[in-house]
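*Asks:* Since the structure of chain U is already known, use the hints to place chain Y on it.
Protein sequence lines correspond, in order, to chains U and Y. Take the first sequence: its position 225, counting from 1, is numbered 225 in the working numbering, and each next residue is one higher. Take the second sequence: its position 18, counting from 1, is numbered 18 in the working numbering, and each next residue is one higher.
It is possible that part of the hints are untrue.
Stated by the list, open to error - Derived SDA-like pairs (lysine to any residue); straight-line CA-CA distance at most 25 Å:
1. 78(Y) to 217(U)
2. 78(Y) to 151(Y)
3. 78(Y) to 193(U)
To be verified - So these bits of chain U aren't anywhere near chain Y, every CB distance computed over 10 Å:
4. 8
5. 11
6. 103
7. 177
8. 196
9. 202
10. 207
11. 210
12. 239
13. 307
14. 313
15. 314
In short, the hints are calculated from the structure, not lab data. Only a predicted model underlies this, so the values are computations on that prediction, with no experimental measurement involved. Note that CB positions come from ideal geometry on N, CA and C, so glycine has one too.
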Amino acid sequence: MRKFLLPTLGLALLLAWPFIAEKIGSSALITLFTRMMILGLAASALNIALGFGGLVSLGHAAFYGIGAYAIGISTTHAISGEPFLGLVSGSNLLIANVLVAMVVSGVAAAIIGALALRTSGIQFIMITLAFAQMIFFLFLALKAYGGDDGLTFRRRNVLFDLNMRDDATFFYVTLGFLLVWLGICARVLHSRFGLLLGGIRQNERRMQAIGVNTFRLKWFAFIISGMGAGLAGALMANLGRFVSPDLMHWTTSGELLIMCVLGGSGTILGPVLGAFALIGLEATLNTWTEHWQAILGPLLVLMVLAFRGGLARIGGRKP
Amino acid sequence: MSALLVIDDLTKNFGGLRVTDHVCLDLRAGEVHALIGPNGAGKTTLISQIMGELAPDSGAIHLDGAELGSLSQAARVKRGLARTFQVPQVLGEYSARENVIAALYARGASAGEADQHLARAAMSARADVRVSDLAHGERKQLELAIALATRPRMLLLDEPMAGLGPAESEQMISILQSLRGEMSMLLVEHDMKAVFALADRISVLVYGAIIASGTPQDIQNDPRVRDAYLGTGED
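Same shape as in the complex, but just chain U (with noise of 0.2 Å):
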């Protein structure tokens, strides 16, 4: 009973906050939530990666920019109504476009994941990282598609007859997205694929001699993980009807790790509540000084340290 009090209360909370922030008058503060739940989905499919299956990937920045360009091009493209290379016409629906994105950021996993799963330990973490940065650089020089400048379009994406201009109804979006990625995630830490892929992450030999394919199911979950960084980046373009290359910078990467070991890698909530820890932390301090890293670098090291195995496992819990 007490192992879902707190998770449901975190809900409750999210379901009343945008009329908190419209009773306190600060509605900014629903696009910052919204922008925390868009983080936390990505920092939880890295997690499938880091968490469940031992894969310290920096990489992830580069799918999570691919979902975001995804839509960006879709959108730029039904706008103008230019086909996609003479071929494909653009899409402003919602799912349509996370589709996509989803599909999308999933080849490049599975391309990028094939490539440097046959690597591991420091090798893996590097060949991840030189990924992500070519992607970097190969967008930044896509000037049909703005270059270092990135692409802007005027509205979000449609989804049925919401008013999807309204942060509040874009923040129960998210939310819905976000509620049935961490359901997607349970299913797959509480199901066969997920017993063996915690199975690789403890004991790789172990797994060999017992007849598992241990590369195919490491890849396979890069590439769920890859999928859902995409989703989360075609929320993001949403949220921001911007897109550039700096998302795919290599230090999303490092802040969507430090979300998933602030919060408790390996555990369902623990990457969303590391985003919103950071997120947060980063907001608060930023109003104080604008020499807010300088606190906030120090602050991660304490909370590390104090909240060994993350904010989830506090109290011996693991939601």
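*Replies:* Just chain Y, lined up with the frame of chain U:
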């Protein structure tokens, strides 16, 4: 008895060191074949080559007449090979039952079978204990239960008695006795009491080469084996 596993002229070098030297070995269906020899003789390396964890430089391994060649470990396990490790390789964050379930899932079987494999390895009472809390001997027994869950035809046991006390060794011998006839076993072991209690045949590996093969009595009486490994009993 017909040969289930045939090792034919297997050779493996680590740089300038020859760790497997033209090894030929036949393991018959249903028999317990012990492989003994001093530390560093290449016993574990031989097991790793049979399982596909290490590739031999030359020679061939046949299981039931089919050459294993470059088959992956996963494919070899599906064909009926299983192994245990000298230092237990277990999943520390999972319970003993979950460790066995992982092996069942890898085979595509249901988790319901787990208890019968734990029972055969005398681990029923410890099924729900987290593996990091198990004693060394219990981990050895758990490894056996995990191997049994893969339904092996040929079980490669890498020093199952290593680190066990007398009572635990007795229990392990009794568990292995109970499995006799259900599968073939290649028993790599230093504990001669266990070897002579279990083995139908024994091969002796010294510096990567087989120097003798035969019944336990043949091996005990072989002067080359006494010189190289067993000793003469004289000071």
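*Asks:* The structure should be examined with respect to each hint, and the outcome stated for every one.
*Replies:* Do the hints match the structure? See the list:
The straight-line distance between the Cα atoms of residue 78(Y) and residue 217(U) is roughly 17 Å, inside the 25 Å bound, and the hint therefore holds. Restraint check: the Cα-Cα separation between residue 78(Y) and residue 151(Y) comes to about 9 Å, which is no more than 25 Å; the hinted pair holds. Of the pairs offered as hints, the one joining residue 78(Y) and residue 193(U) holds, with about 18 Å between alpha carbons and a cut-off of 25 Å not exceeded. Its beta-carbon lying about 27 Å from the closest one in chain Y, residue 8(U) satisfies the requirement of being farther than 10 Å from that chain.
No beta-carbon of chain Y comes within 10 Å of the beta-carbon of residue 11(U); the shortest separation is about 28 Å. A cut-off of 10 Å between C-beta atoms confirms that residue 103(U) is not in contact with chain Y; the least separation is 28 Å. At roughly 30 Å from the closest C-beta of chain Y, the C-beta of residue 177(U) stays outside 10 Å, upholding its exclusion from the interface. Against the 10 Å criterion, residue 196(U) falls within the reach of chain Y, whose nearest CB is about 6 Å from its own CB.
For residue 202(U), the non-interface assignment is contradicted: its Cβ lies about 5 Å from the closest Cβ of chain Y, within the 10 Å cut-off. For residue 207(U), the requirement that its beta carbon stay farther than 10 Å from each beta carbon of chain Y is not met, with the minimum near 7 Å. Not every CB of chain Y lies more than 10 Å from the CB of residue 210(U), the least distance being 4 Å, so the non-interface label is violated. Consistency note on residue 239(U): stated as away from chain Y, and its beta-carbon is indeed over 10 Å from all of that chain's, at 37 Å minimum.
Residue-level check passed: residue 307(U) sits 19 Å from the nearest beta carbon of chain Y, beyond 10 Å. Every beta carbon of chain Y lies more than 10 Å from that of residue 313(U), the smallest distance being close to 13 Å; the non-interface claim holds. With a cut of 10 Å on Cβ distances, residue 314(U) stays outside the contact zone with chain Y, its closest approach being about 19 Å.
Of the numbered hints stated above, those contradicted by the structure are hints 8, 9, 10, 11, listed in ascending order.
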